[in-house]
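Asks: The hints should help you fit chains B and C onto chain A, whose structure is shown.
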Amino acid sequence: MTLSHYLAVSTALFLIGLFGALTRRNILGILMGIELMFNAANINLAAFNRFLHPSGFVGSAVAVFIIAVAAAEIVVGLALVVAIYRAQGTLYTEDIHLLKG
Amino acid sequence: MTLFENVHWIALLPLIASFVILFLGRDDSDKSLLPYVGITAMGVCLIHSLLILKGFLFGGFKPYYRTLPWFSFGDFEMSLGVLIDGTASFMLVVVTLVSFLVQVYSLAYMHGDPRFKRYYAYLSFFSASMLGLVITSNLFVFFACWELVGVSSYLLIGFWFEKDGPAYASKKAFITTKLGDLGFYLGLMVLFACAGTLDLNMLAARAQMGPEYLPQQTAALAGILFLVGAAGKSAQVPLFIWLPDAMEGPTPVSALIHAATMVAAGVYLVARTYFLYAASPLAMDAVAWTGLATAVLAAGMAVVAYDIKRVLAFSTVSQLGYMMLALGAGGYTAGLFHLTTHAFFKALLFLAAGSVIHAVHTNDMRQMGALSKQMPSTFITMTIAALAISGFPFFAGWYSKEAILHAVWLRSPLMWTIGVLTAALTSFYMFRLIFLTFLGSSRDAHCCEHAHESPAVMTGPLWLLAVLSVSSGWLLEHNGLFASVVHFGAEAAAHHSEGGLHAAPAWLPWAALAAFVSGLAAAWRLYAREDLSLAAGIKERLTPLFAMLENRYGFDRFFLMLVSASDRLASALAWFDDQVLDALFIDGWAVITRAVSELQGLFDDLFVDGAVDGVGIVTRNAGWGLSRLVRGQVQEYMLYAALAVSLFATFLMTR
Amino acid sequence: MMEAAFYSLTAITLLSALGVVLARNTLHAALLLGLCLAGVGGLFATLGADFLFGGQILIYVGGIAVLMTFVVMLAGRASELHLRQVNDQWLAALLICGVTFMGMQKIIDSFSNTRAPATTTATTAGVGRILLDEFAVPFEIISVILVAALVGAVVFSRPRAKRDRS
Chain A
1 MTLSHYLAVS TALFLIGLFG ALTRRNILGI LMGIELMFNA ANINLAAFNR FLHPSGFVGS
61 AVAVFIIAVA AAEIVVGLAL VVAIYRAQGT LYTEDIHLLK G
Chain B
1 MTLFENVHWI ALLPLIASFV ILFLGRDDSD KSLLPYVGIT AMGVCLIHSL LILKGFLFGG
61 FKPYYRTLPW FSFGDFEMSL GVLIDGTASF MLVVVTLVSF LVQVYSLAYM HGDPRFKRYY
121 AYLSFFSASM LGLVITSNLF VFFACWELVG VSSYLLIGFW FEKDGPAYAS KKAFITTKLG
181 DLGFYLGLMV LFACAGTLDL NMLAARAQMG PEYLPQQTAA LAGILFLVGA AGKSAQVPLF
241 IWLPDAMEGP TPVSALIHAA TMVAAGVYLV ARTYFLYAAS PLAMDAVAWT GLATAVLAAG
301 MAVVAYDIKR VLAFSTVSQL GYMMLALGAG GYTAGLFHLT THAFFKALLF LAAGSVIHAV
361 HTNDMRQMGA LSKQMPSTFI TMTIAALAIS GFPFFAGWYS KEAILHAVWL RSPLMWTIGV
421 LTAALTSFYM FRLIFLTFLG SSRDAHCCEH AHESPAVMTG PLWLLAVLSV SSGWLLEHNG
481 LFASVVHFGA EAAAHHSEGG LHAAPAWLPW AALAAFVSGL AAAWRLYARE DLSLAAGIKE
541 RLTPLFAMLE NRYGFDRFFL MLVSASDRLA SALAWFDDQV LDALFIDGWA VITRAVSELQ
601 GLFDDLFVDG AVDGVGIVTR NAGWGLSRLV RGQVQEYMLY AALAVSLFAT FLMTR
Chain C
1 MMEAAFYSLT AITLLSALGV VLARNTLHAA LLLGLCLAGV GGLFATLGAD FLFGGQILIY
61 VGGIAVLMTF VVMLAGRASE LHLRQVNDQW LAALLICGVT FMGMQKIIDS FSNTRAPATT
121 TATTAGVGRI LLDEFAVPFE IISVILVAAL VGAVVFSRPR AKRDRS
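Protein chains in written order, with the working numbering: chain A, 1 to 101; chain B, 1 to 655; chain C, 1 to 166.
This is chain A alone, in the form it adopts within the complex (with noise of 0.2 Å):
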């Protein structure tokens, strides 16, 4: 195994998670596309801990500084998905244009 596939690997969940983000329409949808893409740059983040500084533990440390974001943001933006459901009865983001110009 080489540090190619793991990045192929995450490259790979990135884009699934970007193109999630862009074209569902649900927000609950681009949420998910989000934690994706968190979770590419995490194994990223492994694979260059592992391959190029097998003994050190930055890679870790930082990946768990963004699960633990991650967390946060889940939390709060599933707060905002619940608070606009109540709000716009919808979760549809055609529905939603408040900041429409």
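The hints are simulated quantities; they were obtained by calculation from the structure and are not laboratory data.
It cannot be assumed that every hint is accurate.
[Unchecked claim] Derived list of chain A stretches under chain C, where covered just means 3 residues or more per stretch with a C-beta under 8 Å from a C-beta of chain C: (1) 27–37; (2) 61–72.
[Claimed, not checked] Just the calculated beta-carbon pair ranges, DEER-fashion: (3) C/Gly128 <-> A/Pro54: 14 to 24 Å; (4) C/Ala5 <-> B/Gly623: 52 to 62 Å; (5) C/Asp88 <-> B/Val596: 50 to 60 Å; (6) C/Arg115 <-> B/Gly623: 20 to 30 Å; (7) B/Gly623 <-> C/Val155: 33 to 43 Å; (8) B/Thr654 <-> A/His53: 24 to 34 Å; (9) B/Gly623 <-> C/Leu74: 52 to 62 Å; (10) C/Leu74 <-> B/Thr654: 39 to 49 Å; (11) B/Phe648 <-> C/Gly128: 33 to 43 Å.
[What the hints assert, rightly or not] Here are some of the chain B residues that sit facing chain A, going by a computed Cβ distance under 10 Å: (12) Gly632; (13) Ala642; (14) Leu647; (15) Thr650.
Predicted model only: the values in this text are computed from it and were never measured.
Note that the Cβ used here is the ideal one computed from N, Cα and C, for glycine as well.
Replies: Frame of chain A; chains B and C shown alone:
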């Protein structure tokens, strides 16, 4: 020396008086005290001048020179200053005295004139200008005063401007003298270009340092150009034509301006810049010959004139020519001596003539005659003046003319001969005037029977001037008093004391006397009798000569031709200007400019405004278009961001 | 052995990720997300990152995916099941992703010879040490962030009317 420190007030006082008279009081009030303002101012100036002259004559005054900076540009500094030497002191007395007397005389002469007050304002203004001209140390200021004098002369000649004659004469005088002023001005520029200063003292000092500081050619050029100016102002050949016409003005004005003072300004100019002529024999010769020609030609014209004032005018021209001749011949002292004495008796002649005219209301001598009984004072004083001007022994004119002829003899016997001839003519026409006016028979009863002696305010000045005409020559010649004060450098004084060395033949004075006697006798023979047939007969036989003299040698016609030619040239040029230059360049330019402007306007509308509007439109449309993009769809925003990031990242990776 | 583990985990991860992105039923997507996250955890395991593996399973699979499932079940409706879940810009997004992937290809290829050392060390102790030593300050900050997120979540998810009354 408070006399000198306050000398500028001599010029300023009449100026102030002039403005006071002009701006205060009403124009038509006869009882106005305003003329006395002018007379008082002039009297003060007269006393001041007399004190200065006394200082020069008896107090051993040295020439006084003081300047204060006026303005400067670059290295050049123009100063405002006074320069009082013997010449100037005499000139001051002459001007103030004649002005004073004329103003007194005018009280009666101009009485009842609707513009009485303005007349006095003009007189004072003239005096101020003339006195400024006399005292200034700077040729530039000299020139300014010179022009002011010209303006006052114009105003006073044309004082009765509602009549055609004075209006025309004032124009003629102004324009003709202006022709001379051009020469003066050019001379100023030549001098300035060469010496870088117009201060008389500095120029004289420079001239004294030698030809390397004032090249002879420059001196000659400037001198001759100044002579042209002097010829205009002092009515020398060929610019004398204005002076006879200037007699259209009030007679006291003629006495003041056109006999004693202003016309002497030209002579004074030559005297003031005498160092130029001393440095250049050529310019000296030009002065001498101009003077000589003027003297004899004007005398010839005086012989045939019938207008009493014109006779005197031609006489003035002739005598001014005499002064010029003297200056040109090296007789600086003699010329200025004659200027002084001439001022007295010529002013007297004019004032007496004014008195006559006042009495008979005509200028034509053919209508006068036998006035001696009605106007004894006038007759006696005028005869005295005639004797003085003709050179009757021991009268003023005798001394001054003697001095001139003496100087001229030393210069050239030919000039002397013509000078003596002129003296004979002078004597002839003066006594012709006296005899025609006062003796013989009364030719026009209507005119003469009401004639009466003028009031004392008019005869008073006459008598005073008569006394001066008789005595001034002896008083000033006596002990060489005049020469001790008025001389050019050391030369003239030396010349005077060495008189014995260059002594002219002893018969010289006798020749002058003979000229006087012959002129007197001829006048007696022809004009003193009841019938003038002999004179008429002579006139008959010499018709062409008389015609030439009466036509003033064609100078008038020549200048008229010149004027009309220049008029035609001017109209041609005006036509050219109007039709060609204007049409082609001005109007054409306007058309082009308009076309260009319209093009520019179009360009402005289309492109500049279009650009401005375009920016607005583009911005608005872009804003509209961009606002379409912003649909509030968060995923669209993300798409744009992702697009940018992906492009950027891809670019970085694949580079 | 390692290859088999890697490839099978990769297959699980990517396929379930595609399912997350493409599934019409949001609940299915949420469930597949849990599977995908678990696959990622497996990949962590193949990389020898034992602490991350544990954290991944606990936090993501046990926390986030479950939370997501709850919310989906809370907010979803049966009527939406037949709705299209992909919007109009899917083609553009696909292009972007494809281009980006091709761009990344080069970097991926540059590490094709980088191999892992045979031995692995347990990371948990090291990570714990480093978090309380070098990364002490970020660690504290992240705890503050988590608290803030908690409070924020509580505030946002409280019913509006009740909040207004208070």
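Asks: State for each hint whether it applies.
Replies: Hint check:
no., hint, result
1, 27–37, "holds (count 7)"
2, 61–72, "holds (count 10)"
3, C/Gly128 <-> A/Pro54: 14 to 24 Å, "18 Å, holds"
4, C/Ala5 <-> B/Gly623: 52 to 62 Å, "56 Å, holds"
5, C/Asp88 <-> B/Val596: 50 to 60 Å, "58 Å, holds"
6, C/Arg115 <-> B/Gly623: 20 to 30 Å, "56 Å, violated"
7, B/Gly623 <-> C/Val155: 33 to 43 Å, "37 Å, holds"
8, B/Thr654 <-> A/His53: 24 to 34 Å, "27 Å, holds"
9, B/Gly623 <-> C/Leu74: 52 to 62 Å, "41 Å, violated"
10, C/Leu74 <-> B/Thr654: 39 to 49 Å, "45 Å, holds"
11, B/Phe648 <-> C/Gly128: 33 to 43 Å, "38 Å, holds"
12, Gly632, "3 Å, holds"
13, Ala642, "6 Å, holds"
14, Leu647, "14 Å, violated"
15, Thr650, "12 Å, violated"
The structure shown violates the earlier hints numbered 6, 9, 14 and 15.
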